[in-house]
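*Asks:* Residue numbers (my numbering), protein chains in the order written: chain A, 1 to 558; chain B, 1001 to 1348; chain C, 2001 to 2293.
Don't take every hint at face value.
Stated by the list, open to error - Computed Cβ-Cβ distance ranges for the label pairs, DEER-style:
# : chain 1 : residue 1 : chain 2 : residue 2 : range
1 : C       : A2020     : B       : P1198     : 36 to 42 Å
2 : B       : G1095     : C       : R2148     : 53 to 59 Å
3 : B       : A1029     : A       : L117      : 34 to 40 Å
4 : B       : A1029     : C       : G2030     : 39 to 45 Å
5 : A       : A15       : C       : L2044     : 51 to 57 Å
6 : B       : L1333     : C       : L2205     : 50 to 56 Å
Claimed, not checked - Anything over 10 Å on all C-beta distances counts as not near chain C; from chain B, calculated:
#  : residue
7  : K1035
8  : S1072
9  : V1073
10 : R1084
11 : F1093
12 : L1165
13 : G1186
14 : T1192
15 : L1215
16 : T1256
17 : A1286
18 : T1290
19 : T1293
20 : P1311
Claimed, not checked - Heads up, incomplete: computed chain A residues facing chain B, CB under 10 Å, no partners named:
#  : residue
21 : M52
22 : R84
23 : W88
24 : A89
25 : Q111
26 : V118
27 : M424
28 : R477
Think of the hints as simulated: they come from the structure by calculation, not from any bench. All of these numbers come straight from a predicted model, not from anything done at the bench. Every residue, glycine too, gets a C-beta built ideally from N, C-alpha and C.
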Amino acid sequence: MSELLELRDLSVNYAGARSDLPAVRGVNLRLAPGEKLGLAGESGCGKSTVAMSVLRLLPKTATVDGEILLDGEDVRTMSWGRLRAVRWAGASVVFQGAMHALNPVRRVGEQIAEPMLVHSPQSPSQVRARVRELLNQVELPAAKANAFPHELSGGQKQRVMIAMALACEPRLVIADEPTTALDVIVQAQVLDLLTRLVTEQHLGLIMISHDLAVLAATCERLAIMYQGEIVEEGESRALIADPRHPHTQALAAAFPTVGDPAYRYAPATSSPLGLPDPPATGPAEPLLRTEDLRVTFHGRNRETTHAVAGVNLTVHGGEILALVGQSGSGKTTLARTILGLQPPTSGRVIFDGEPLPTQSSALRAYRRQVQLVLQDPTSALNPRHSVYEAVAEGLRIHRLDGDERERVAAALAAAELRPPEEFMPVLPQQLSGGQRQRVVIAGALALEPRLLVADEPVASLDASVRGEILALLLRLRARLGLAALVITHDLGLAWNIADRVAVMYRGELVESGPVDEVLADPRHDYTRALLAALPDPGPAPEGGAKYAVGSRRSERTV
Amino acid sequence: MVDLPLTTEPVIEVRGGEPTGRGRALGTARFIAAKGAGALVSLLLVVVLGFFLFRALPGNPVRAMIADTRTSVEQIEQMRAEWRLDLPLFQQFLGYLGDLLRGDLGTSLRYKQPVADLIMTRLWPTLLLTGTALVLSVALGLWLGTRAAWRHGSRFDRWSTSTALVLWSVPTFWLGLIMLMVFAVGFDLFPTAGMTSPGGVDGFLPAVLDVAHHLVLPAITLTAVVYAQYLMVMRSSLLEEMNADYLTTARAKGLTDDQVRRRHAVPNALLPTITIIFLHTGLLVAGAVTVETVFTWPGLGLLTFQAINFPDYPLLQGTMIVLAGAVVVMNALADVVYRFLDPRVRQT
Amino acid sequence: MSIVWARRRAAAGRLWREFAADRAGLVGLGALLGIVVLALLAPLWISADDLSVISAPGGILEPPSAEFWLGTDHVGRSVLDLTIYGARVSLVVGIAAALLSVGIGTVVGMLSGHFGGWVSAVLMRVTDFFLVLPALVLAIALSTMLARGLSTIIVAIGVTSWPSTARLVRAQTLTIEARPYIERAQALGGGHRHVLLKHVLPAVLPLVLANTTLAVGSAIIAESTLAFLGLGDPSKVSWGQMLKQALDTGSVTAGAWWYLLPPGIAIVAVVLAFTLCGRALEIVVNPNLRARR
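From just these sequences and the hints, can you work out the full model?
*Replies:* This is how it looks when you write it as structure tokens:
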């Protein structure tokens, strides 16, 4: 048998799981030595369960049926001793979130060396030399062996994970969302490194991700999982160019191609309400302006961070402006300052010709005009408050006149939660992610604001819901003339809905202008680097598209 | 045009930079200095508390003494003079502070001796008792707690947890009384009171054995109550680590169950446990007061009890300041030790 | 609003089912209800004469018999009657001291968690200071200086045992305030009052309730310890007071186990019942703990 890994009719059931459906149902997969396979799907589709079953790392509550043949040997029936020998030496794992997958109180060098010592006793000097070689391979200085995990950046930690995975020269590497929590540019570097090492050493690779573009850029073959089943499998480029299964189509459509006019002002939506026409161009009055805004934080060790370093930003009435940057670029601090949640160190915020008030009653009146939509709707809603209470919260704070119930109903309807009465008594946990985000938006709309500040409004949503929320923002703008400042790390989102884009880097705005101009002809190096970091799924079909963009979750590390 | 760093790690982290060896040593020095200053402030607070509890509260000691028929006029006059009760409160405080700095804690009403001398002679028995109990409780609590958590839900876990819960609900002095009644009075295996046999014994080894013989019951009583808490703390912090991702990593590497526990889970779970153990030093002190009272063990606890019953205010004030001060100092030391144990704290 | 009420009823039902799933918690609750009823009804069959030192019905230190199931004490009173009657003082002191302590802890914890800056720094410093101090030693000093009486004991226990609650509530407040829905409430225009009363307090209350239940247990132990050290109210019958008299009158050396065991076992039973209830409540409040029990 020449297959490196073969899954035959694999099913996994969790005892006590809420749904009757098994987490994984009848999965068949084969991987030849040296082959790279991508496993794609939305959260909860069972892709991680498949990966963990290969080394029998599932929790005790899981029952596994079918066969898992690693080099022809069934992992399910191995003795403990044999299983331990196969673990890491036969197949190793690059875990999701290196932050937690590394032991916080032990030096990374020890952690890389540990599996070597477990699997083949060697002298300390041999081990040290090998650790140095491995760190060298992942492009880290050998001195980092003495570091503790918390002393490394996210990208460095992921490199350590990769070095660790290669330590025992396994024939198969399983990478579970290896780049999820990383920034666009770091993500590209880590992906590059992993692919290069795996190819050089002729290892088999199973890469798991929710991001088709990432997988397509790395793997020869793709398998798409949906509700525990593999719904489509095939050669990467062919599969992306011509998806058959509706779910694959939805996943593929969620990743717009920057530069392709077909995706301009056209997020993927299947809503019957359709998309409004692109806005007529014409200069509107400036609604919000910042003048040389600066926010400086003082850290514990007397270091100062210039989170916002002299920003001049303008949002016009009825305009959608995308503020693009990596995490740590200061874009969220900028948003908080605009909302008056963070006092600026110097500079001014001017709304509708008036400077941002400082005394609390005037600030409250200001906040009626400018509303916030947060990244993760699950945590943006108090789990104890019903939809009605969540939407009415702002009305009660501002003691608005008129019938509260009527206003709530109107806001819910505006956020396209229809019929509103059915949603009112529901608690947030009973709603889907997209519906929760609509509740947050309804809560903002209830105060009839003129500007919406949306901080990564779709980053925590599944790919297929993402387009619907973006389409809602476009329709709200068309219907209510609502301006929006959308903060994102995702250039594709800017291409999808924004009129203008502002690129933020190290607390400064390095470039801004109309989306078509900036993304087609970036002037600043950083904008170019952002565009270049987008994974390239191969020669684009037609239309001269240069980049494909993935929607990446940028989880805020709290 | 701005230079872009070639390896673009997130900006904040690029700015953070590596702490140099010297910077780290400086950081440690600063840390220890800060902790020392904090401990000094806490000690000062203890001193202030000791002052106000005994003079500014409505139950002014002299008034209480006048009401108490057991106290003589001379004793009242002695208090009045020693505590400078005729001066304004602020000058009383300055005088009190000066006395403390000279190591003068006043004169005991009951023993007619300097309080500081009394405390010094009673210090060692207390250290012997609490030290023995602490070592036993830590060893027992951590070992049983680790076993219970690792075999979570097993019969061993259920038994050790239930035992710990019951012991947690037992008043220490009552447990001591029962031990006294059963093992000292009933079976006559151990002495009922004191630290040494009346009349004394000859020779060094017999003397040591004699003290050890007296130590058994008080030490077991104190250990029984204290280990239960350590067990629960160790168990829950290990259970908290049980689902940590790095344990999955360790298992995936091919480590045996034992190796995963010893090398990865326990070192992480120990850190919060150690903090809590030090934070609860007060528990040990409270235990010492009641256990020493029950077994008439001649330590600070018994001294406190004797001060309460007299009532001997200078002595009570002295024991309170010493006991509270000791706990404050212990915790400051724990903070410093912890910094060397946990690499995450070490850096910041 | 009927929707809200219906939801609250449903939520209460769900909480009860979750609590009832914990067998130990149910046992604790049952035991507590029994003890409370017994303590409330005690005056119906125990008269002042039964508890009087002068008109005691039995002989001195009689062992258990048909007339006195648990024997008599050093003046001839029924130990069973004393134990039942003693529950009244122990429960009152335990509950009142726990409420006082948890009340102080909740206010301090919420304020130091919500307001940053020097308010938080000062409150934390004070909390940490009192947290490490041996509470019993402080309580001893306090009750020596104040007039003897139940209220003194309650105050002495209450004002020395709040710091752990404050730490807990502060941690929970910080967790809640880190949630984006607080930022959303602020962006909607809500001020300190709105955030504290509408979001933080409802989220902290269940935790406080579980904490109070656990605190009653510790307070009852503290009460008995203070009484044993001679700082109780000698005019009231409490379990600690009984044990002190047992020791003072030489019952231990006389081997009068029937005088020593009942009050002690009563303390263990009540404290254990409160602890079991509290732990079950903690799980209902924080389901993540279930895996750790």
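*Asks:* Where does the structure disagree with the numbered hints, that is, which hint numbers, in rising order?
*Replies:* 1, 2, 4, 6, 12, 13, 14, 17, 18, 19, 20, 27, 28
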